[in-house]
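Participant: So you can see what is in the structure, the chains are spelled out below.
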Amino acid sequence: MSKSTLGRLALVLVVLGVAGGLVLFYLSGPNRLPREAVAALPEGDAARGERMFWAAGCTSCHTRPGAKGDAILELAGGLELKTPFGTFVAPNISSDQQDGIGGWSAGDFANAMLRGVAPDGSHYYPAFPYASYARMRPADIVDLYAFMRTLPAVAGVAPGHKLAFPFTIRRGLGLWKQLYLDPEPVIALGPDADEKTRAGRYLVEGPGHCGECHTPRALTGGLKTQAWLAGAVAAEGDGIVPNITPGEGGLSWSAGDIAYYLESGFTPDFDTVGGAMVAVQKNMARLPAEDREAIAAYLKAVPPRPNGYPVRN
Amino acid sequence: MKRVFLAGALLAVTASLSFAGPVEDRQAVMKAMGKALGPLAAIAKGENAFDAGVVEQNLTALNEAAQKLDVAVLFPEGSTAGETAALPAIWENMADFQERADKLKADVADVASSMPADQAGVQAALGRIGQNCGGCHENYRMKKN
Chain A
1 MSKSTLGRLA
11 LVLVVLGVAG
21 GLVLFYLSGP
31 NRLPREAVAA
41 LPEGDAARGE
51 RMFWAAGCTS
61 CHTRPGAKGD
71 AILELAGGLE
81 LKTPFGTFVA
91 PNISSDQQDG
101 IGGWSAGDFA
111 NAMLRGVAPD
121 GSHYYPAFPY
131 ASYARMRPAD
141 IVDLYAFMRT
151 LPAVAGVAPG
161 HKLAFPFTIR
171 RGLGLWKQLY
181 LDPEPVIALG
191 PDADEKTRAG
201 RYLVEGPGHC
211 GECHTPRALT
221 GGLKTQAWLA
231 GAVAAEGDGI
241 VPNITPGEGG
251 LSWSAGDIAY
261 YLESGFTPDF
271 DTVGGAMVAV
281 QKNMARLPAE
291 DREAIAAYLK
301 AVPPRPNGYP
311 VRN
Chain B
314 MKRVFLAGAL
324 LAVTASLSFA
334 GPVEDRQAVM
344 KAMGKALGPL
354 AAIAKGENAF
364 DAGVVEQNLT
374 ALNEAAQKLD
384 VAVLFPEGST
394 AGETAALPAI
404 WENMADFQER
414 ADKLKADVAD
424 VASSMPADQA
434 GVQAALGRIG
444 QNCGGCHENY
454 RMKKN
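If you read the sequences in order, they're chains A and B.
All residue numbers for the first sequence refer to this note's numbering, where the first residue is 1 and numbers rise by one.
All residue numbers for the second sequence refer to this note's numbering, where the first residue is 314 and numbers rise by one.
Some hints could be false.
[Claimed, not checked] Using 27 angstroms as the maximum straight-line C-alpha spacing, the simulated DSS-like pairs for lysine-lysine come out as follows:
hint, chain 1, residue 1, chain 2, residue 2
1, A, LYS300, B, LYS416
2, B, LYS416, A, LYS82
3, B, LYS348, B, LYS358
4, B, LYS358, A, LYS282
5, B, LYS456, A, LYS82
6, A, LYS82, A, LYS68
Quick caveat, the hints were computed from the structure, so don't treat them as lab data.
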């Protein structure tokens, strides 16, 4: 190979490398909501927003660990989520101007919830379940925003995440979002599906973000939607999160059983709610009965799947 | 030497025997509580009509089972071997665990001392008792299958 051929080859490689880098840089950038979409956001209603607040389960992670009673409305953060990627620490999302999100506009809030983008343009880690919240209606987002502004301001910044390289590079999350951020419903419902089932799909796939724990994840951390709600190895510890499809190993409960479980914590086989689901069930208990019935109707309608976690001895 | 070995073996057997007991015993207590809760939940849910006899029988059984929840006996240090969903957090937070067990016993005894008179009463009773179940299972139980 002559010197000039080598030189040309090197030049081609450099050009390709730069071009590839530019494409990656472009693809990994923050994908904010269009300006018109932010401008078109309606005024939120705090009373309606409370329902979204419980449906979205904000307290389960953002309440100071161990808080009880009304103190669960102090969203100071601090809960640690130990995952294979490292330890995520839930931030302060109280209405504090400096330490919380009290200084945010409705547009900032919508960009966080629907696009996983912070006001400074950086990406949030999907431990904040925006991949589910992305399916929420803008009207519900601003209602939630209005309600959260009525909650107490709590000073104090929670410690930062403790992650291993390369997960420390937030820019890379832009590529993750190209793969996994999709506001479309996961489960296609036929034209004969009733209103209740559709309402349940919205609550489960969107604000309820049930799939974030009940669906197994790929090595990338993205949800394997072909095993939607099939159960998964718990992100923390050595337990499992159960299969809640009507498949083998999944829920054999009636719709009434599911709704009563979400209301009371009692299973039809005379057991009770446990683990991380306790906080979720308490939130669900605060919803109107029709919401729990809708969730139950949807869970009866999702495709049955075998357990999404490996068999143990 | 042989004697030492035998003594050691005997000790090991005794130790494993005493560890085999509490797991099964506490599971039996939990199952007994669950069994009594079933008919009560059916009334609370409206699946079955209110029946004072059923309520009294099952609340009494629930109370009897709950009062058997002796933490020192059923949850001795190190009883984590075998088929158990009990988490090590129990022994790391024994004071809290004990307090929660005492609260459950007190709440169930209180409910059983003045039997609910209608469906709403059963719902309220289960609501109060259920708080205790979830409160403990949240941090101290992890199902593995």
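Participant: Each hint: holds or not?
Facilitator: Quick rundown of the hints versus the structure:
no.: 1; hint: A:LYS300 / B:LYS416; in the structure: violated (36 angstroms)
no.: 2; hint: B:LYS416 / A:LYS82; in the structure: violated (31 angstroms)
no.: 3; hint: B:LYS348 / B:LYS358; in the structure: holds (16 angstroms)
no.: 4; hint: B:LYS358 / A:LYS282; in the structure: holds (17 angstroms)
no.: 5; hint: B:LYS456 / A:LYS82; in the structure: holds (18 angstroms)
no.: 6; hint: A:LYS82 / A:LYS68; in the structure: holds (22 angstroms)
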